[in-house]
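Visitor: Position chain R relative to chain S; hints supplied.
Here the protein sequences line up with chains S and R, keeping their order. Note that the numbering used here numbers the first sequence so that position 38 is 38, with each residue one more than the last. Note that the numbering used here numbers the second sequence so that position 143 is 143, with each residue one more than the last.
Derived from the structure by calculation, the hints contain no laboratory data. Mixed in with the good hints there might be a few duds.
Which stretches of chain S does chain R cover? Using the computed rule of at least three CB atoms under 8 Å from a CB of chain R, they are [claimed, not checked]:
hint, segment
1, 192 to 206
2, 242 to 251
3, 395 to 404
4, 411 to 419
List time: in silico DSBU-like cross-link candidates among lysine-lysine, alpha-carbon distance up to 30 Å [as the list claims (entries may be wrong)]:
hint, chain 1, residue 1, chain 2, residue 2
5, S, K239, S, K127
6, R, K81, S, K220
7, S, K400, R, K117
8, R, K117, S, K68
Just so it is clear, CB atoms sit at the ideal spot from N, CA and C, and this is done for glycine as well.
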Amino acid sequence: MGNRLLSFLVASVAFGGLAEAKTVIHVMHQGDPGWVSTYGEVAKRFEAANPDVDIELIYAPHDAYNEKFSAAVMSKQLPDVMELDAPFLANYVWSGYLQPIKPLIDQDVIDDMTESNVAQGTYPIDKELYAVGLTDSSVVLYGNRKYLEAIGARIPKSVDDAWTREEFEGYLEKLSNLDGVKWPIDTFRGYGIKTEWITYAYGPILQSAGCDLIDRKTWKSVGTLDSDPCVDALTMMQKWVKNGWVVPQSSGTNQFFAEGHPAALALGGHWFYAEAAASMKDDIVVMPLPKFGQKSASPNGTWIWGITTASEHPDIAGKFVSFMLKDKAFRDYAKEDSAYPGLKSFAAGSPLYADGGAMAVAFEQASKTAIARPPHPAYPIITSAFMGAVDEIFNGGDVKAALTAAAEKIDEDIEENDGYPPFDEQ
Amino acid sequence: MTLQQPALAATAVAARPARRRDQSRLFQEVGMLAPAVILLTIFLVVPFLLSFWTAMTNQPLVPRPTPVRFIGFTNFLRIFKDDLFWTSLWNVSRFTFWILPVQCGLAFATALLLHQKLPFRNFFRSLFFLPAITSMVVVCVIWGTLFQYPTGPLNQVIGFLSGGHIQPIDWLGDPDWAMFSIVLLSAWQAYGFQMIVYLAGLQGIPDELYDAARIDGANALQRFWHVTMPGLRPTHVFVLVITTIQAFKLYTQVAILTQGGPKSSTETVVHYMVRSGFEEQKLGYASAVSVILFLIVLVIALLQRQLLRRFDV
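If we strip away everything but chain S, and leave its shape as in the complex, we get (with noise of 0.2 Å):
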């Protein structure tokens, strides 16, 4: 029975053996099925080439991404490459879990990377670069090119002539009392309470009323959050919410190009244009931000990609996503999802964002006025907080208190991190 037992044993190590032969990489993503599909069939293209890589895809769905994140660090089972939302390389990279990515990438990615793909990517302690992606991302004021002309809006043309607060809401005035409108504009409420949309889409107009979501010096966020401007824009919001100007969050989220175009304007994401001028046609207008104060502002950071530190190999882990940057059928799926461009390259295959594009806006304005997510370890909670402050704002609470608790929480979770030295020291 020894014997049997030695030899099963003895066999098992063998097959092992052989099993592992190939150098297996976890890739960890989220995406819809489209994308899904798009980054199986890349990873057959790379083993096809590298017969000796096996590429083993994680899906994790969107919503719960960074949970499952948390949960694969508890089990000690990170992948080696993993897509991530760019405003939480912060929290990983202070964590420990990403590795900077520059020597492990071909150079020539390097190179061709936009300046907001490098920003998005990079770590602001020791100004490392953790993650590269193919795309960046903005937000836009889409508008429904009839409806406007039937209450004589100006239409601008570039971030420098965008509508300034007062022509905003006059606008959603006059809309919401045109025939055929049933909601001036969607705001995307539809996305949920817990999805980063929130922080994403609504803390530039914080950041353009003259204030922000934490202080970016002190990484204080009482006195900022809570502070006089901030209240001011998420009145302004709340008021918007109590006119019924604001499509409701159980209505979906494609009210702008539904039946009967119930919105007249949508603040939706770039991701947003393609399935939008699908179903609108030349009616679609592409306009910038409006300015809430004295300057214009816009969120960036999108899913990009990093290489984790429990990567046993992490050259043929930056090897594939090299790979992945520039396969060609990667790259037109992104076209086609109107991705917004964060490789030159890509940029000049993609004549939506070239001048004269009809995305050619959202490019110009990310270039002169992206602001970044506050890139601290904390931001998980100051997403988390902040979030929660909207919902409550926006069903009719009380704006002050809502800040206020938002800020406090904030900043109690960095006091109880120590600061979340060497963030402490900035």
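Guide: Relative to chain S, chain R alone:
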């Protein structure tokens, strides 16, 4: 040490029913208790002690460069100072208050109906039990569509029945309606379980009692009040207590449909716990919430024992 008696429990017990406890008997008892005790220790006692310990620290969800510290009862104090926690506790109580009459009433009524000698009654029993074995996630997705504002099927039916007099209701988006909507859906999904319990209770009432009542001239209503209801007393208590405990653990519906909103009107204790632990990565804090929830449920369970005792069950 030698075992003098054969260790086989069945023969030992059967052969010497009145025998006083000796060592081997003790071994048997310990042996039979052991699996339960070991499992309970591993899956109940140890996790509870661990979470109690974690609750006293600032343990983050994922390892961090900063040290984990013992912070005593700080987390508990913070929880009690957090309005959102009290809101979530209040919401769960509200949910329980509504779900008890709605779900148990529905279950009781259906059980009474299906206890009759109707044609196809097994078919109907399965039909009414079907939602209870359907995944709550699936149920939520379906009801999410039914609840759609303003053009969802539910609003259309109400609009049609009222001749357009009742405006569409924002079931899940209106803080005044959201919890009620979740009550409706939850009751519909889960009442099948209580129905089965009631059916079992009804079948446990001896037919002779009904026959005797009939001979005494009792009509249907009198038979219901004086035979059925007293016969079901332990069932009522059991169903109420089980439903209360389940209600306190409300999570899935909230996580899928409202995420605790609008305006925290559907935030529940478990959802609050998951949110602190996973989204905000504060495992120590979340553990403290779980300890509090455990104590709440424990109190309910103790009350259950008291109630059952009072009813001589």
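Visitor: Does each hint hold? Answer for all of them.
Guide: Tested hints:
no., hint, verdict
1, 192 to 206, "holds (count 3)"
2, 242 to 251, "holds (count 4)"
3, 395 to 404, "holds (count 3)"
4, 411 to 419, "holds (count 5)"
5, S:K239 / S:K127, "violated (41 Å)"
6, R:K81 / S:K220, "holds (21 Å)"
7, S:K400 / R:K117, "violated (63 Å)"
8, R:K117 / S:K68, "violated (51 Å)"
Against the hints set out earlier in the document, violations occur for numbers 5, 7, 8.
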